[in-house]
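Here is what each chain is made of, one letter per residue.
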Amino acid sequence: MIGLPGIRKKRGESVQTDIALRCTGVSKTFDGTIAVEEFDIEVKRGQILALVGPSGCGKTTVLRMIAGLEALDTGRIEIGGETVATSGRHTGPDKRSVGIVFQDYALFPHMTVSANVGFGLDRKGRDERVVEVLELVGLSGLGERLPSELSGGQQQRVALARTLASRPDVLLLDEPFSNLDAGLRERVRAEIREILKAAGTTTVFVTHDQQEALFMGDLVGVQVGGRIEQVDIPERVFHRPATSFVARFMGMADFLPVNVLGPRLVTEVGPARAIPGFEPPQDAPLQVMARPDDFVLAPSDEGQGVVIDRVFQGWAYTYEVELNSGLHIHCQMPHLLSIDVGQRVLVNLRRDHPQMFFSDGAAVPTVPRYGQT
Amino acid sequence: MNRPPGLQGFQVIGEQLPAGTGLSWSPRRLLPLWLRREPLSLWLAAIAVAGAAALPALYLATRAADSSDTALDAIFDPDTAAILWRSIQLIVLVTLGSVLIAVPLAWLTVRTDLPFKRAWAVASVLPLAIPSYVGALAFISAFGPKGLLQGWLEAPFGIERIPDLYGLTGATIVLILLSYPYVFLTVRATLWRLEPEMEEASRSLGRSPWHTFRKITLPLLYPAIGAGALLVALYTLSDFGAVALLQYDTFTRVIFNEYNSAFNRASAAALSLVLLGVAVSLILIEAGARRRARYYAGANAARRERRIVQLGRWRLPASVFSGVVTFLALGVPVFVLVYWLVRGINAGESELFDFTALYNSVQFSIYAAVATVIAAVPISVLSVRRPGLLSAGLERFSYVGFAMPGIAVGLGLVFFGIRYATAIYQTVFLLVFAYVVLFLPVAVGAIRASLLQVNPRMEEAAMSLGRSRINAFLTVTVPVIRPGLAAAAVMVFLLTMKELPATLILGPIESRTLATSIWTAAEEAFFARAAAPSLLLVVASAAPMTFLVLRERSSR
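If you're matching them up, the sequences are chains W and B in order. Mapping to our numbering: the first sequence position 365 is 560, numbers consecutive. Mapping to our numbering: the second sequence position 146 is 397, numbers consecutive.
Be aware that one or more of the hints could be misleading.
Pairs of lysine-lysine residues, derived as DSS-like cross-links and limited to a Cα-Cα distance of at most 30 Å, are as follows [to be verified]:
| # | chain 1 | residue 1 | chain 2 | residue 2 |
| --- | --- | --- | --- | --- |
| 1 | W | 239 | W | 392 |
| 2 | W | 319 | B | 368 |
| 3 | W | 290 | B | 466 |
| 4 | W | 392 | W | 290 |
| 5 | B | 466 | B | 368 |
No lab work stands behind these hints, which were simulated from the structure alone.
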């Protein structure tokens with residue numbers, strides 16, 4: 196990319212490496228509160244990493260440290276193979292090849308769209324690059340507008356264009372869709388993913404919305420309490436959570452106690468199925484994870500549970516069932532079958548796929564926190 | 252209408268039904284729908300207040316038109332052009348100087364690790380508590396011919412003359428030091444509100460801190476600087492005390508002399524109209540500039556503590572800068588006043604403190620505060636709840652006092668009083684009327700701001716629970732906006748205590764106020780007699796101001 200018009204030459208062009216961004220043992224404390232602790236991550240060129248976690252888990256702080264807007268306490272951040280931050284050294288945000296798109300866009304209200312997009316570019320070749328990037332984000336012809344004359348979705352794309360214009364090695368997006376209404380959000384995030392993939396930009400993207408993370412990320416990192424719980428491709432994070440926190444956070448999950456009877460794994464709703472060669476832990480309580488679609492319900496007076504709530508979702512009903520043991524589980528059934536509240540039901544676990552087992556909050560057998568990527 | 256009291260709230264809906272649906276006919280049906288939606292009495296009250304506010308300007312025009320030859324002569328007199336030129340010079344210099352002092356001070360006290368920055372912030376606002384005639388008096392006493400400074404220099408160094416303070420130089424310096432807080436306050440408020448993301452975005456796009464300040468921060472501050480500069484310009488234009496004491500002939504001083512000494516009322520009226528014209532031009536210029544800069548700094552306050560700029564080796568120069576400004580604007584006046592007070596006490600001076608003047612000042616100011624707040628409520632309510640052409644127009648009218656210097660309001664009411672209201676001429680009524688016109692914008696501003704915080708649904712909820720409209724307003728809205736009403740009353744009270752030109756012209760004969768007795772003492776260079784009432788005015792105004800600045804912090 197060196198030598199293309201309009202590219203601001205950042206200090207020390209990137210060393211050739213496959214890894215665009217690497218954080219090692221990064222920690223940050225604010226006034227005695229730990230915001231980020233021992234944070235490790237590796238993102239390859241062109242990959243999109245979605246960092247997801249409940250609010251206050253430190254994900255925005257991670258972004259700000261990568262951008263250079265916040266100094267880290269310990270650890271190391273490398274961008275394109277070059278160290279930009281360690282505990283003693285801090286490269287300023289203007290000296291890093293990192294672009295950040297803020298939650299509320301932070302467009303400069305006193306500049307036109309073109310001036311916003313060209314803000315980080317050198318004069319030489321600026322106009323051409325602005326036109327090119329505006330076209331990439333689908334805003335050709337709006338260059339002379341002021342940000343206040345654009346819709347929320349358009350403002351979002353201007354913010355993205357402004358950041359992409361100087362071809363950063365790493366692009367950071369902070370809750371980029373949270374200011375858009377629900378209908379617009381799904382369309383915009385598909386568009387943005389396409390733009391990012393077309394530009395081939397390495398991206399770290401922060402959200403609190405699991406659906407968004409699963410959709411946007413080539414990799415999904417689940418963060419809690421300042422630490423990474425698991426990083427892997429979306430499917431594995433969802434289906435093979437490393438911890439019960441990840442399981443619960445990524446989607447509704449119930450945990451049922453398991454009795455190990457020789458080779459058989461018995462729960463209150465019948466036998467559970469494990470992967471071949473499964474070895475239950477010795478002397479530790481074992482639980483099986485079940486998502487709402489892992490259950491099968493049938494009305495029956497002999498059943499081991501009672502429907503206590505029913506939520507209609509259009510294509511399906513989600514039932515809350517109280518088992519004889521007092522445990523509550525959530526089951527999703529097609530809308531064709533409608534069971535009344537108060538009805539006794541027979542509950543079974545689907546047998547068509549092996550289930551995940553947990554002991555002490557960790558998956559059994561252990562799932563690596565850092566997946567093969 | 253025989254409706255149960257609980258249904259009074261639905262009057263609004265009933266009135267909108269087509270004729271013949273069973274409701275009795277009422278004259279209100281002749282009014283357009285939007286006018287009917289609020290009780291007629293509220294509209295009438297607002298219109299009356301707006302009309303009253305326009306009265307002084309109207310009578311200035313009438314008086315000038317009555318003797319149009321003299322008036323036209325006065326307007327096209329080369330002397331008038333000279334006065335205009337002097338006024339403009341003063342306005343430009345004071346405004347520029349204020350901006351140059353206020354913007355760095357605001358930035359230093361918000362964004363940097365300047366030591367004691369909260370103390371500096373308070374100290375930078377307090378000059379507003381010093382009436383201009385008190386500030387001028389202090390500077391004359393300190394730096395004037397035969398002043399304190401010259402006295403101190405004479406003994407050891409034999410210096411008998413120091414640069415002359417009178418005229419443009421002195422007026423510029425004194426007015427800058429007294430009015431830069433207007434720019435300081437508006438810029439500071441905007442600096443707090445600016446989203447740090449703007450600057451962070453610029454930095455992450457590869458721009459240096461200096462480039463970021465010049466291209467992002469400063470342009471975003473322009474509207475605030477403009478608004479503050481307008482206040483400074485209007486303050487300078489309408490100032491009477493400082494220019495009069497420092498003998499610089501701007502409009503206010505010439506008008507006062509024409510009226511007071513030359514008894515040339517037609518030309519005083521004509522010059523007042525020119526003065527009003529200049530004030531309106533200033534407002535239009537600022538409005539035009541603001542329209543071009545249509546953007547606004549993000550309304551949502553900064554959510555995160557912003558990064559504090561480390562001053563490093565600039566800490567000392569920055570501290571010295573803040574110190575010099577505070578010393579000149581606050582230290583000198585307070586020192587001089589205390590010096591004269593102590594000297595007066597030591598010399599056994601009688602009449603050091605004039606309790607009659609204090610009593611009159613407090614009395615007039617309480618009347619003014621109560622009357623202004625009551626007058627401001629209808630306009631504020633309508634402009635917030637019924638935004639539209641008429642309410643916007645009424646609100647505009649209430650801003651007359653903003654553009655109209657005290658001397659012009661005073662003169663306008665003198666003409667009105669002599670011709671149509673001799674019964675109240677030179678009584679406290681007409682004086683309070685002038686205060687209401689002058690300070691109505693302040694009260695409307697404060698009440699409007701607090702009304703905007705009140706969800707109108709609350710009143711509707713009260714009405715749907717059976718309260719009448721007026722009852723709902725009194726029991727639900729008024730308690731919520733009480734802080735706004737109180738703030739409005741306090742501000743009007745303080746402004747009235749300090750007001751000089753209108754009080755001089757309209758004040759009942761033989762009833763001195765603090766302001767007029769300071770003025771008399773200052774004119775006669777009777778510094779010791781002016782010291783105690785001046786200090787009282789300064790302290791009384793400084794206390795609530797300190798409170799406001801400190802609260803600015805805690806509300807975040």
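Here is what the structure says about each hint:
no.: 1; hint: W:239 with W:392; result: holds, 13 Å
no.: 2; hint: W:319 with B:368; result: violated, 43 Å
no.: 3; hint: W:290 with B:466; result: holds, 18 Å
no.: 4; hint: W:392 with W:290; result: holds, 25 Å
no.: 5; hint: B:466 with B:368; result: holds, 26 Å
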